[in-house]
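Engineer: If you read the protein sequences in the order shown, they are chains V and P. Mapping of the first sequence onto this note's numbering: residues 1 to 370, in sequence order. Mapping of the second sequence onto this note's numbering: residues 1 to 309, in sequence order.
For the record, the hints were derived by calculation from the structure and aren't laboratory data. Take the hints with a grain of salt, since some may be wrong.
[What the hints assert, rightly or not] Below are the SDA-like pairs computed for lysine to any residue, each with C-alpha atoms no more than 25 Å apart in a straight line: (1) K225/V / Q164/P; (2) K225/V / L85/P; (3) K350/V / T158/P; (4) K225/V / S86/P; (5) K225/V / R143/P; (6) K225/V / T144/P; (7) K225/V / Y160/P; (8) K18/P / L33/P; (9) K225/V / Q213/V; (10) K225/V / V76/P; (11) K350/V / F259/P; (12) K225/V / A82/P; (13) K225/V / P75/P; (14) K225/V / S247/P; (15) K225/V / R285/V; (16) K225/V / R54/P; (17) K225/V / I81/P; (18) K190/P / Y290/P; (19) K350/V / G261/P; (20) K350/V / P55/P; (21) K225/V / I255/P; (22) K225/V / Q74/P; (23) K225/V / I140/P; (24) K350/V / L260/P; (25) K350/V / I255/P; (26) K190/P / T158/P; (27) K225/V / L227/P; (28) K225/V / I238/P; (29) K190/P / G261/P; (30) K225/V / L118/P; (31) K225/V / A107/P; (32) K225/V / G261/P; (33) K225/V / N144/V.
This is what each chain is made of:
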Amino acid sequence: MHHPPRPRLLSRRRFLRQTALLSGLTLAGCGWTLGNVGGQSPATTSTDELLIYTWSDYIDEESVEAFTAQTGITVRVAIYESNETMLARMLAGGGNNYSIIYPSDYMVQQMVELNLLRELDHDRLEGMDNLMEEFQDPSYDPGNRHSVPISWGTTGLVYNTARLTDPVDDWRFLWEHQDRLRQRITLLSDVREVMGATLKSLGYSYNATDPQQINAAFQALQTLKPAIASFTTDAWREQILAGDLLVSMAYSVDGITAMFEDDTLQYVIPQSGASLWTDAIVIPRTAPNVEGAYAWINYTLQPSAAARISERLSFATPNRVAYENLSDELRENQALFPPPEVLDRCERIKPLDAATNELFDNYWTRLTSG
Amino acid sequence: MAAASPPDRAQRVPIYPKWLAPLLMLAPAGVWLGLLLVLPTLVIFQLSLVPGIRPGEVVNPVLWPLTNYERIFQPVYLQVIARSLSLALGTTLLCLLLGFPVAYWLAQTAPKQWRNLLLLGFILPLWTSSLLRSYAWITILRRTGVLNAFLEGIGLPTIYLLNQSAAVLIGMTYSFLPYMVLILYASLEKLDRRLLEAAYDLGANRQQTFWRITIPQTMPGILAGSLLVFIASLGDFINPELLGGASSMTVARLIYNQFLGPTRNWGFGSALSMVVIVAITLAMVLLIRYGDSSASGLKAGNQDTATGT
Numbered sequence: 001m002h003h004p005p006r007p008r009l010l011s012r013r014r015f016l017r018q019t020a021l022l023s024g025l026t027l028a029g030c031g032w033t034l035g036n037v038g039g040q041s042p043a044t045t046s047t048d049e050l051l052i053y054t055w056s057d058y059i060d061e062e063s064v065e066a067f068t069a070q071t072g073i074t075v076r077v078a079i080y081e082s083n084e085t086m087l088a089r090m091l092a093g094g095g096n097n098y099s100i101i102y103p104s105d106y107m108v109q110q111m112v113e114l115n116l117l118r119e120l121d122h123d124r125l126e127g128m129d130n131l132m133e134e135f136q137d138p139s140y141d142p143g144n145r146h147s148v149p150i151s152w153g154t155t156g157l158v159y160n161t162a163r164l165t166d167p168v169d170d171w172r173f174l175w176e177h178q179d180r181l182r183q184r185i186t187l188l189s190d191v192r193e194v195m196g197a198t199l200k201s202l203g204y205s206y207n208a209t210d211p212q213q214i215n216a217a218f219q220a221l222q223t224l225k226p227a228i229a230s231f232t233t234d235a236w237r238e239q240i241l242a243g244d245l246l247v248s249m250a251y252s253v254d255g256i257t258a259m260f261e262d263d264t265l266q267y268v269i270p271q272s273g274a275s276l277w278t279d280a281i282v283i284p285r286t287a288p289n290v291e292g293a294y295a296w297i298n299y300t301l302q303p304s305a306a307a308r309i310s311e312r313l314s315f316a317t318p319n320r321v322a323y324e325n326l327s328d329e330l331r332e333n334q335a336l337f338p339p340p341e342v343l344d345r346c347e348r349i350k351p352l353d354a355a356t357n358e359l360f361d362n363y364w365t366r367l368t369s370g
Numbered sequence: 001m002a003a004a005s006p007p008d009r010a011q012r013v014p015i016y017p018k019w020l021a022p023l024l025m026l027a028p029a030g031v032w033l034g035l036l037l038v039l040p041t042l043v044i045f046q047l048s049l050v051p052g053i054r055p056g057e058v059v060n061p062v063l064w065p066l067t068n069y070e071r072i073f074q075p076v077y078l079q080v081i082a083r084s085l086s087l088a089l090g091t092t093l094l095c096l097l098l099g100f101p102v103a104y105w106l107a108q109t110a111p112k113q114w115r116n117l118l119l120l121g122f123i124l125p126l127w128t129s130s131l132l133r134s135y136a137w138i139t140i141l142r143r144t145g146v147l148n149a150f151l152e153g154i155g156l157p158t159i160y161l162l163n164q165s166a167a168v169l170i171g172m173t174y175s176f177l178p179y180m181v182l183i184l185y186a187s188l189e190k191l192d193r194r195l196l197e198a199a200y201d202l203g204a205n206r207q208q209t210f211w212r213i214t215i216p217q218t219m220p221g222i223l224a225g226s227l228l229v230f231i232a233s234l235g236d237f238i239n240p241e242l243l244g245g246a247s248s249m250t251v252a253r254l255i256y257n258q259f260l261g262p263t264r265n266w267g268f269g270s271a272l273s274m275v276v277i278v279a280i281t282l283a284m285v286l287l288i289r290y291g292d293s294s295a296s297g298l299k300a301g302n303q304d305t306a307t308g309t
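Let's have the full structure, built from the sequences with the hints guiding it.
Structural biologist: Here it is in structure tokens:
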């Protein structure tokens, strides 16, 4: 059993993944392959029920009722709170009942790499032409071969206009005013978003792989450390309203929702550029009731259903027809639908190679253990 | 007891081999433990020997060098482990200090007919989501939160506790106190009052009685409660994440990041898990060995003095 020492990369051979035995572990060669599912979907052929695995709040009763009225299929919804949790469940073989999942862009890419997704038959999809041009061929899934975009947004800054009178317009504001902002800002609890925004503010890419650039971003964040109260995704709301916090990094959907709730808050997309993200609908390879899954995707592609994502949840819709039918107030909301010149400066976060991921993780651990 | 049975019964030829009955009795628990504890731990151990393995890759354990384990010795990871240990120890101490008087009161002083209701009241917070309870602490501890509003109201200077270790300690102590109280209650309820009375009779004052009779008698409960709280707080990542601020990385969150974060380095994550598993096992072994012997030593001592007189 003793193997001679060898460089890491050699032991990272990727094997053709075949069918899984024993709860997702495939025996292959002398070792087994870690966490792979290819197991059969349960033998159900029932076409009258559809199990959807998605973010909380994404699907409302009204849409489900409308869908059931159109197709006669009843819908059950299961909830996850992060892409990674969903991936872990799918990898462990616990997701064989799901016919529809809502992963984000980078997760679509990862799931395609892990061969978890069914390739979509575009002949069975209706209304793909309704998608905006920039969503016809997204970089995370060229040609939408495995996924259909359902919503998108950006990652920017929320600030309290009553307490900060000068406008926050860029990531650099945090560094320039850090003396005033001691313990008064929060950043997302997300290594790629935080490091990416810092890289962007330094003039680099969200997806930089040059160790020197990544190190520069880490050093910049270290100097900002006294100003950072915590790294959190949404625990800032109450505190920023109370004035305990002054600026928080936030996903547009949370930022805009907060803006609607209290007009002293303002969500901005930083001038040097932000990250651009998309949530998409996919059919896992193990899905039962594929027929029903296509029916659900086609339902969400209908302009009236697609518009609800923007009207109800403050996500931007990628559906052109739905967008055109939105109220003027929503269409002209530049935080929700940024003008093209702002979008041009934004970037999608892409999966990185293992070595760069390790580097990010190491810096993140150093940053958060201070 | 069976070993001490009279000789004539022991000579009877058994139909089944002697080991069969205990084996059958232990089998269900054994299979359960084997499948759900031993096997997964062995898998984690095997994964910890594969340098930087990610899901989808072939498991080829490398016995030397132990790349994943070497990495743990980098200062940054040692610092994270040290912080986790001190937070867990601090929580355990606080729970013990706060929990003992409560459990004592519940078990000894509180009116009997109210006891179960009071106990229920004490466990009630466990029925709400721990995430929710952490968020509640944000509301209390933040700069203009409930606590500071109260302090200001009575004319005291305000304090900023949120986003530091103090807040994590408060949150974890709050989360795990019920466990400590429950276990201490169970052991204080069985307190042999005759021994207390005997101690008073023989001239011991309240303090002496407490330290030399009550504490030794409840030692197994104290140890079990402390161990439970220690293990739970070492594994907690909600409180550190929500209350701990920008420098609150703990080993549980580090492991979480290795398994579910973008690196998906399950090899390093497994090595970290092994370190935690070994640390907790060691703590348990030491406690069972020395904790129990101190408790049973007291009993033996009592018996000795009893037979001596």
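Engineer: Each hint needs a verdict: does it hold in this structure or not?
Structural biologist: Status of the hints after comparison with the structure:
1. K225/V / Q164/P: The hint holds at about 13 Å.
2. K225/V / L85/P: Between K225/V and L85/P the Cα gap is close to 24 Å, so the pair holds against 25 Å.
3. K350/V / T158/P: 45 Å, violated
4. K225/V / S86/P: 23 Å, holds
5. K225/V / R143/P: 19 Å, holds
6. K225/V / T144/P: OK: K225/V and T144/P at ~22 Å, within 25 Å.
7. K225/V / Y160/P: 17 Å, holds
8. K18/P / L33/P: 23 Å, holds
9. K225/V / Q213/V: 19 Å, holds
10. K225/V / V76/P: 16 Å, holds
11. K350/V / F259/P: Answer holds: K350/V to F259/P is near 19 Å, not above 25 Å.
12. K225/V / A82/P: Holds, at roughly 21 Å.
13. K225/V / P75/P: 19 Å, holds
14. K225/V / S247/P: Roughly 9 Å between the alpha carbons, so the hint for K225/V and S247/P holds.
15. K225/V / R285/V: Roughly 44 Å between the alpha carbons, so the hint for K225/V and R285/V is violated.
16. K225/V / R54/P: Not satisfied, since the Cα-Cα distance of roughly 31 Å exceeds 25 Å.
17. K225/V / I81/P: 21 Å, holds
18. K190/P / Y290/P: 22 Å, holds
19. K350/V / G261/P: Holds - the C-alpha atoms of G261/P and K350/V are around 14 Å apart, at most 25 Å.
20. K350/V / P55/P: OK: K350/V and P55/P at ~19 Å, within 25 Å.
21. K225/V / I255/P: 23 Å, holds
22. K225/V / Q74/P: 22 Å, holds
23. K225/V / I140/P: Holds. K225/V to I140/P sits at ~24 Å (cutoff 25 Å).
24. K350/V / L260/P: 17 Å, holds
25. K350/V / I255/P: 23 Å, holds
26. K190/P / T158/P: 44 Å, violated
27. K225/V / L227/P: Not satisfied, since the Cα-Cα distance of roughly 35 Å exceeds 25 Å.
28. K225/V / I238/P: 21 Å, holds
29. K190/P / G261/P: 47 Å, violated
30. K225/V / L118/P: 45 Å, violated
31. K225/V / A107/P: Violated, at about 48 Å.
32. K225/V / G261/P: It holds: about 22 Å lies between the C-alpha atoms, which stays within 25 Å.
33. K225/V / N144/V: With Cα atoms ~40 Å apart, K225/V and N144/V exceed 25 Å; violated.
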